[in-house]
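Quick note, the sequences are listed as chains A and B, same order. Numbering-wise, the working numbering comes out as the position in the first sequence, counting from 1, plus 4. Numbering-wise, the working numbering comes out as the position in the second sequence, counting from 1, plus 4.
Treat the hints loosely; a few may be bogus.
Given that identical chains are not distinguished, each listed pair holds provided it fits within a single copy or across any two copies.
Stated by the list, open to error - Below are the DSS-like pairs computed for lysine-lysine, each with C-alpha atoms no more than 30 Å apart in a straight line:
hint, residue 1, residue 2
1, K91, K367
2, K405, K381
3, K21, K288
4, K430, K367
5, K367, K387
6, K40, K430
7, K179, K423
8, K399, K387
9, K15, K179
10, K381, K15
11, K423, K12
12, K405, K91
13, K288, K370
Everything labelled a hint here was simulated from the structure, so no lab data went into it. None of the values given here were measured: they were computed from a predicted structure.
Number of protein chains: 2
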Amino acid sequence: MTQIELLKQGKISSQVKRVAQDEGVEETFIVEGVIKGEIVIPCNSTYNLSHPVGIGKGLRTKVNSNIGSSPDCIDYELERQKAILSKQIGADTLMDLSTGGDLAAFRRLARKSFSGPLGTVPIYEAAIEAIQNKGGIIFMTADTIFEVIERQAKDEVDFITVHCGVTRTSFDKLKSEGRVMDVVSRGCAFLLTWMLANNNENPLYEYFDMLLEIAYKYDITLSLGDGFRPGSIIDATDHAQIEELIILGELKERANLRGVQVMIEGPGHIPLNEVSANVLLEKKLCHNAPFYVLGPLVTDIAPGYDEITAAIGGAIAAGAGADFLCYVTPSEHIGLPTLEDVRRGIIATRIAAHAGDIVKGIKGAKDWDLAMSHARKNLDWQKQIELAIDPEVLKTARLSKPPHEPNVCTMCGKYCAIKIVEEAIKR
Amino acid sequence: MTQIELLKQGKISSQVKRVAQDEGVEETFIVEGVIKGEIVIPCNSTYNLSHPVGIGKGLRTKVNSNIGSSPDCIDYELERQKAILSKQIGADTLMDLSTGGDLAAFRRLARKSFSGPLGTVPIYEAAIEAIQNKGGIIFMTADTIFEVIERQAKDEVDFITVHCGVTRTSFDKLKSEGRVMDVVSRGCAFLLTWMLANNNENPLYEYFDMLLEIAYKYDITLSLGDGFRPGSIIDATDHAQIEELIILGELKERANLRGVQVMIEGPGHIPLNEVSANVLLEKKLCHNAPFYVLGPLVTDIAPGYDEITAAIGGAIAAGAGADFLCYVTPSEHIGLPTLEDVRRGIIATRIAAHAGDIVKGIKGAKDWDLAMSHARKNLDWQKQIELAIDPEVLKTARLSKPPHEPNVCTMCGKYCAIKIVEEAIKR
């Protein structure tokens, strides 16, 4: 029985209890959200996930960290360290996006190293196996795709990205309208290559019921991928992108009816004045399914600083109702991230999520800022370090710039505004 | 004769010519903007500023960098290097906020090292002189404040922050309503200490006409400071803040009538859903005077990463019509910034400004993103480096992660989505 089915029967799962406790909300709120498909708790039913996480309406905005090898970088120890660091500095979920080396080994390493929900993109493994074993993506089959999905479900994966909305029709629309960047989703690129060469429909769309059967069996959450997400702000909110979103909204309903949980993935590269509209569209067209966005990046011109371009878009998206932010690191558009890139990416994304939570009115969000403001007002540096989103960074920075007077900082020294005004009022 | 007077007589100043050329707009557009007080070109009339800059309606959003000593950090060479770096990596203006060592020496160093408009906050020097020469801020006099302002005008300063809206009445409002953080502006703290101890009104408000006479004589632009800006998102958009803004709007009209240019300073710490309203209020209450914001920081909990919290607020503010962003570095709330902090602060703020310019429809803004997207589509890395907001960082990062195939990157290696789709379509 899947969680949706269980909850419909009035039973409270241990996952719901944990999520309600972590969020400080009533269990019934979570139960109703999951049944309606407005909240997901990605959690493979074949094992005990240590730390289940709720994603969706009324809950704290969650942050996903990505790890994974590429053909150019196959380093098991580095990816293991990224997984551990991700949890340490506050990522809620982890995706293993490996495309180089022993993919199953990387996946199991990710599983062992992270206690929260784990996600993957099975089409990577299906495509790469076809290339390695048969000489090309075009020799992939619908059966091998579903085989890989089931294999990954058996490896205790909690959610999978599946690009079910990439169809022949919507790709034709993309071509006829024209785009600066065509397709920037790797999963979509693999699928399209196969579809065009074989003159076939996307099996993840055509045989969506087969996908649902596997998802049902292991109770894995489907993260319906946006293969046609814009890769340039110039392409944002175009025909192909919205056509795909409409399809995903229809599939969401079918999945929920089958007792399968669904979230919807979103862009990508979007000018900041289009971000809120994109969230609204997703909420309307996909019936309030949790929205999982990558960025959005509000400009294309800042490689090396894309944790910042994504934090701008992510904060606006979260404030407008996006539920789940995929981190973007400074290394996006440059190469595979380093450990330091991972740290910066997660913190920037957590800042965006929290800035959104203040606006959403999430329980405790503003209290955090209030506590920090009190600590600042009291010139209580120990408390400021404890409350900082990255205590280590503040502690180190503070130690590297010790002021002459212990309670101020070196920016103003003895001319600290807070201190001066405090004394002036007291006098 | 001031620029406003000159332009009213139908003459075109060399500054207007340079700004029109830099922005790619008609000279008449600049002339009308300056006359209406919707654009400022800060430019002291007693010398030839190498690189005049226009700030305001219809122009590219500008970025200010701050340098300056504190009692705890007196390092002439470091501040000189910050000034030079600021120009190199794209700051439009520079403010010298020194409060430690020989203030005049720091100011002249800043002037020599930066070819764009230079700003200062004269109340710092007036207060510190009173402390050093007479034993306390309370021994400052109205005369010494105006003396210092004229002294700084003679040192070729182009704009000055003056906290003219800090009045006895608005401070009473602040106290009676209550605030988490009271006052976080150093200039306001100095003024209030003097006002409360001497039971006097703020001389910059009471004798505003004297201030205008000095500003007129040297044609320096007044940047009307927001002494009551919120220092916590909890205090945002409150009575004291808006009361001060109303006063600044009145003073703006008086200054423009006297032929003096004015911009208005804004917060500070603001939740992201209040940022646009703050810009609207400024534009309405201050009759479309250029708006110069510090951040805004959309959360208080991220010391060490405040270039990011500020980029989020700054991008939204710029998109909503703010004209001028004061940079915030990772070191804000921790101490005086290092050179690396300055670099990160300026780039983050430039990203925010550009994200806003895309929304404003500033000439050429979207073209930059389009050119970068074309370079990405063509896997043209040399072009991407040339177009990047920080070419050096991209170049170094790219060299540190060389891919096996020269035209892709190490994130996907040979599985580059752009490359795969290109090949699939061609087939």
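Hint check, failures only = Hints 4, 6, 9, 10, 11 contradicted; others consistent.
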